[in-house]
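**Q** Here are the chains, one letter per residue:
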Amino acid sequence: MESFKTLIVILMSSVLVNNYVLNRFLGICPFLGVSKKLNQAVGMGISVIFVMLLATTVTWPIQYYVLDTNDLGYMQNILFILIIAALVQFVEIALKKFIPALHKSLGVYLPLITTNCAVLGVTINNINDKYSFLESMISSLGAGLGFLLAMVLFSGLRSKIEESEIPPSFRGLPVTLIAASFVSLAFFGFAGIVENLIGG
Amino acid sequence: MKNNSNLSALLKGILLENPVFVLVLGTCPTLATTTSIIGAFSMGIAAMVVLICSNAVISALRKVIPDTVRIPCYIVIISGFVTIVKLFIQAYLPSIFSHLGVYLDLITVNCIILGRAEMFAGKNSVGRSVLDGIGMGIGFTLALLSISLIREVIGAGTFAGMAIPFIIDHRIEFFIKPPGGLLVYGIMIAVVTKITNGRAPFKKEFTCEGCPSAGVCHTCKKVLKEEN
Amino acid sequence: MKNHIKNVLSLALICAVVALLLAITNSIAAPIIKEQEEAAVSSGLVEVLPNGEGFEALDLSEFTLPETVEEAYSEKNGGYVIKLRTAGYGSDLILMCGIDKDGTVKGVKYVSGNETLGVEVTYGDNLVNTTSDTIDAVETVAGATKTSAAFKNAVKDALNSAVILGGGSVDIRDEATILNDNLSIALPSAEGKFTEIFITEEVGNISAVYKADNNTGFVFVIGENFVAADVNGDITAEFGEAIKNEISAVAPKIINSTMTEIDLSGFADMPSHIQKAYKTSGGNYVFDLRAAGYGINGDKYTRSNEYIEIKVSVTPAGKIIVCKTTAQKESEGIGDACANLEFYSQFNGKEEANYGEIDAIAGATITTNGYKSAISSVFTAIKILEGGAR
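Chains as they are written, first to last, in my numbering: chain Y, 1 to 200; chain U, 201 to 428; chain Z, 429 to 818.
There could be a bad hint or two in this list.
Said to hold, decoys possible - Here are the computed lysine to aspartate or glutamate pairs in the DMTMM-like style, where the Cα-Cα straight-line distance is at most 20 Å:
id, chain 1, residue 1, chain 2, residue 2
1, Z, Lys707, Z, Asp691
2, Z, Lys752, Z, Glu770
3, Z, Lys462, Y, Asp71
4, Z, Lys811, Z, Glu780
5, Y, Lys130, Z, Glu780
6, Z, Lys811, Z, Asp716
7, Z, Lys430, U, Asp267
8, Z, Lys434, U, Asp267
9, Z, Lys462, Y, Asp68
10, U, Lys263, U, Glu318
11, Z, Lys747, Z, Asp662
12, Y, Lys130, Z, Glu499
13, Y, Lys130, Z, Glu465
14, Z, Lys639, Z, Asp662
15, Z, Lys621, Z, Asp658
16, Z, Lys504, Z, Glu463
17, U, Lys394, Y, Glu165
18, Z, Lys752, Z, Glu734
Claimed, not checked - Chain U side only, calculated, beta carbon under 7 Å to chain Z, not exhaustive:
id, residue
19, Val269
20, Cys273
21, Gly280
22, Gly301
Stated by the list, open to error - Quick list of simulated restraints, FRET-style, between CB atoms:
id, chain 1, residue 1, chain 2, residue 2, range
23, U, Ile372, Y, Ala101, 35 to 45 Å
24, Y, Pro167, U, Ser208, 29 to 39 Å
25, U, Leu207, Z, Gly472, 45 to 55 Å
Everything labelled a hint here was simulated from the structure, so no lab data went into it. Glycine included, C-beta positions come from ideal geometry on N, C-alpha and C.
Only chain Y is shown next, with the shape it has when bound in the complex (with noise of 0.2 Å):
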C-alpha cells in the first residue's frame, strides 16, 4: 500500500501545491487567454488533460526503450515536442472522423495545445523526477487537473473583474496578472495541507 500511498501524494501535490499554471507558470498563454469564459476554460482544461495523457503514454516509452538503451538522449527535446504536435494533430482528425460531437465542443482547443509548455513541461518533468510509468501517468493527470482547477477557479474571478472599475494603465492584462497572483497566493494554503494530510 505503499505505493498506493506515493501515488495519492504525487497526485495531490501536482494538482494543488505545484500546480503547474500558478506554481511552475507552464501553461500560463492559456490560462490567461482563454479563462475569460468558464465554457471555455473547462473544454480548454479537458483537452489539456486528454492531450498530457496521451502524449505520457507515448513519450515514456520512447525515453526509456528507444532514447536510453540507444544513448540518444539529447534527442529527447525535438522528439517530444513533435510526438506532441503529431499527437494532437491525430487527435484532432481522429476525433473530427469518429466523435463528431467531442470535436465540435473540443477540437477548437487543441491545436493551441501544441505550443502549450505544460505538456511539454510534464512530459519532460516525469523524466527528470524518474518516475515509473504509473506514476507519470498520475503525475500527468494531477498535472491536467490542476490546470483545469485553475482555469475554472480563474474563470469566475475574471466575470467579477470585467464589472470593475480599474485605472486605465491596470485594464486588461495587468489587472488579470494581479488577480492572478491572489488565486496562486491561495493555492499556498494547500501545501500544508497535503503535507500533513497524507505525506506525513
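Once you've looked at the hints, dock chains U and Z against the given chain Y.
**A** Chains U and Z only, in chain Y's frame:
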C-alpha cells in the same frame, strides 16, 4: 533610409515592441526564472542565442520550406537550437544548468521564438532577421532583468547573490514566490503602458488575438468568432 | 500528390540535418558534461574526506553491508566515503561520511532529510575524529535523541562498512540476530524460532532458557554457553560434567513448572502496583507489576500515559529470581533503557534489604524511581500473601 529601418528592426524590440511587456509573449519563463538576477540573465541570453540562430536559419530557408509544413519545420529547427544551447550550458555552466532546470527545455515552446519566426523571419532577409533576433533578445533579457531586480532585491534581500545590508533582514519573501512574480509582472506592464502612453501598439486583451500563431491557426479564428 | 511528397521530404530533410547537428554537438559536449558531473561528485566527497583524491565508486553487490549504506567510494590512500540513508525523526536522513585508512571518521555531512530540530546540521561535527572504539562515548543530543542516535548509528555502520570494504570482517548483526544465531547453532531442529521461558524457580547459574517453538527441545544459557536439551530436558550436546550436572539438576524444575493465579480480591492493602499474582508449582510467586514511569509521574502532557509492565518471580522468602520488563513506552533513547537486559537483570537475586543498590538509568531518574517503587511492592505483597497462606 535603409540603415534607418535596420536600426528600427533592432530597437523596436527593446521598448515599443518589447516581447514581454508589450507583445506579452514568453510569459512562462518571464515568471519562472525571475526569482534571481543571475537566473533571469542566463535565461535571457539563452533565449536570445536560440532566437538569433533560429531567426537566421529560418530566414535563410524561407524559400525552401513548403508553406503547409512550415510550423513543424520551425519547431524542429528551434528545438534543435534549444538542445544545442542546453548541451553547451550543461557542459560549461553546470550551476546555471541546474538553476534553470526544465525551463531551459521549454525555450522550445517559448512563444517569442516561434512568434518571431512566423511574424518576421519567415518574411524578411537573413540580415534583418538577425537584427530582429538581437533586438527582441535584448528586449526579453532587459525585461527579465528588471522584473528579477525587483523580485530578488525585495524578496531575497540580495543583488545577484550578494547580500544587501539592512534589506536582507527585512526581505519580503512573497516576491520570490510565484504569486509575487505575477504581481510584479502585472504592475510592470501597467507602468510600461503608462510610460509609452499608448504609443505602443498595445493589445486590448490577451486572447487568441495576441497569440503569435493566430495567423496560421485556423481554430484561433473560430475561438475569436465564437467570442464575438 | 507531388506537393505532399515535397512537404514530407523537406520536413524529413530538416529533421535529419538537425539530428546530425545535435549528434555532433553531443559528441563534443557529452565528455565535458561527464567530467563536470564527476567533478561535482568528488568535490562533495572531498568535503567529508579532506586530502582524499582519486575517488572511485564501488560496486556494493559483492559485499554484505549494513542496510543503511547506499553508495560507497574508495580513495587512493585507502580511505572511503560512504553515503548512508537512515530513518530520522521526520523522513529519511541522508548522510555522507568520510573515513580515512586508519578507520577514523574524517567528516560527516548532512545531505538531506526533513528534520526540524537543527541538530542534523551540526551533530556530525561531534563524530569527527572518532573511531569504532570511541564513537560510543559521543553523547546524543537531549531533545533530539532520535535524530542524533540515528546519526550515530549510521556513522557506526559506515565505520563497519569501511572495514568490510577493506577486506576485513565485522559483526554487523544486531543483538537479537546474534542471540538467535547462537540458539540456532545449539538447536538446529528449532529452525530459528524460539520463545524465552520466564524462569520461576531458582536455577543457579542459568541465565535464560529458550523453548523451540516447534517443541523440538530447549536451549539453556549458562555463562557463555548455549546448551541444547531435548523436550524432557536431557542434554543432547557435548559439554563438560560441571555444566551438565548443573543443568540436569534444575531442568525438570523449569520445564515442569506450572503457575496458578491467585485471587487478589481477598487480600486487603495489596500494593496498587500488583496487577496479577501467581503461585508456581515450586512454591514461588510470580507477579505482573505496573510501574509509573515518566509518562505518569513526569510531564503528563508530553508523553503518553503508559505504565511500564514488569514480570517478577520471587521466592517465598522474598528473594527475586528473575525480573523482566515486558512492555514500556518511556522516552526514546532515555527512559526506554528500562527495557534493556543490563538494567532489569540488576534486580535478579536482590532482596528487600538491597534491591535499591542498582545503577540508575542515566538521565531518567523518574523512570528509575518508578521502577524501584514497583519492585519494592513485591516484598510487601509476599508478606501479605504468605501471611494469608498461614
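**Q** Look at each hint and say if it fits the structure.
**A** Taking the hints in turn, this is what the structure says about them:
Under the criterion of a C-alpha separation no larger than 20 Å, the hint pairing Z/Lys707 with Z/Asp691 is consistent with the structure, at around 11 Å. Note on Z/Lys752 and Z/Glu770: the hinted pairing holds, with a Cα-Cα distance of about 10 Å set against a maximum of 20 Å. Proposed proximity of Z/Lys462 and Y/Asp71 is supported: the alpha carbons are some 14 Å apart, at most 20 Å. With a CA separation close to 11 Å, the supplied pair Z/Lys811 and Z/Glu780 stays within the 20 Å bound.
As the CA atoms of Y/Lys130 and Z/Glu780 are separated by approximately 65 Å, the hinted pair breaks the 20 Å bound. Restraint check for Z/Lys811 and Z/Asp716: satisfied, since their Cα atoms lie roughly 16 Å apart, inside the 20 Å limit. In summary, the hint linking Z/Lys430 to U/Asp267 is supported, as the alpha carbons are separated by about 14 Å, within the 20 Å threshold. In summary, the hint linking Z/Lys434 to U/Asp267 is supported, as the alpha carbons are separated by about 11 Å, within the 20 Å threshold.
Restraint check for Z/Lys462 and Y/Asp68: satisfied, since their Cα atoms lie roughly 16 Å apart, inside the 20 Å limit. Under the criterion of a C-alpha separation no larger than 20 Å, the hint pairing U/Lys263 with U/Glu318 is consistent with the structure, at around 13 Å. Proximity of Z/Lys747 to Z/Asp662 is assessed by CA-CA distance (about 28 Å); at most 20 Å being required, the pair is judged violated. With a CA separation close to 19 Å, the supplied pair Y/Lys130 and Z/Glu499 stays within the 20 Å bound.
Pair hint Y/Lys130 plus Z/Glu465 holds up; C-alpha atoms about 18 Å apart against a cutoff of 20 Å. With a CA separation close to 13 Å, the supplied pair Z/Lys639 and Z/Asp662 stays within the 20 Å bound. About 15 Å separates the Cα atoms of Z/Lys621 and Z/Asp658, which keeps this hinted pair within 20 Å; it holds. Annotation: proposed proximity of Z/Lys504 to Z/Glu463 holds, straight-line Cα distance about 19 Å (limit 20 Å).
In summary, the hint linking U/Lys394 to Y/Glu165 is supported, as the alpha carbons are separated by about 17 Å, within the 20 Å threshold. Note on Z/Lys752 and Z/Glu734: the hinted pairing holds, with a Cα-Cα distance of about 17 Å set against a maximum of 20 Å. Taking 7 Å as the C-beta contact cut-off toward chain Z, the hint placing U/Val269 at the interface holds, the least distance being around 5 Å. Hint status for U/Cys273 relative to chain Z: holds, with the closest Cβ pair at about 5 Å, below 7 Å.
For the restraint placing U/Gly280 at the interface with chain Z, the shortest Cβ-Cβ distance is roughly 4 Å, inside the 7 Å limit, so the hint holds. Contact between U/Gly301 and chain Z, as hinted, is not supported at the beta carbon level, the nearest pair being about 15 Å apart and thus beyond 7 Å. For U/Ile372 and Y/Ala101, the hinted distance range of 35 to 45 Å is not satisfied, since their beta carbons lie about 51 Å from each other. For Y/Pro167 paired with U/Ser208, a C-beta distance near 31 Å keeps the hint of 29 to 39 Å intact.
Take U/Leu207 and Z/Gly472: their Cβ atoms lie about 51 Å apart, and the range 45 to 55 Å holds.
In summary, the structure is inconsistent with hints 5, 11, 22 and 23 from the numbered list given earlier, while agreeing with the others.
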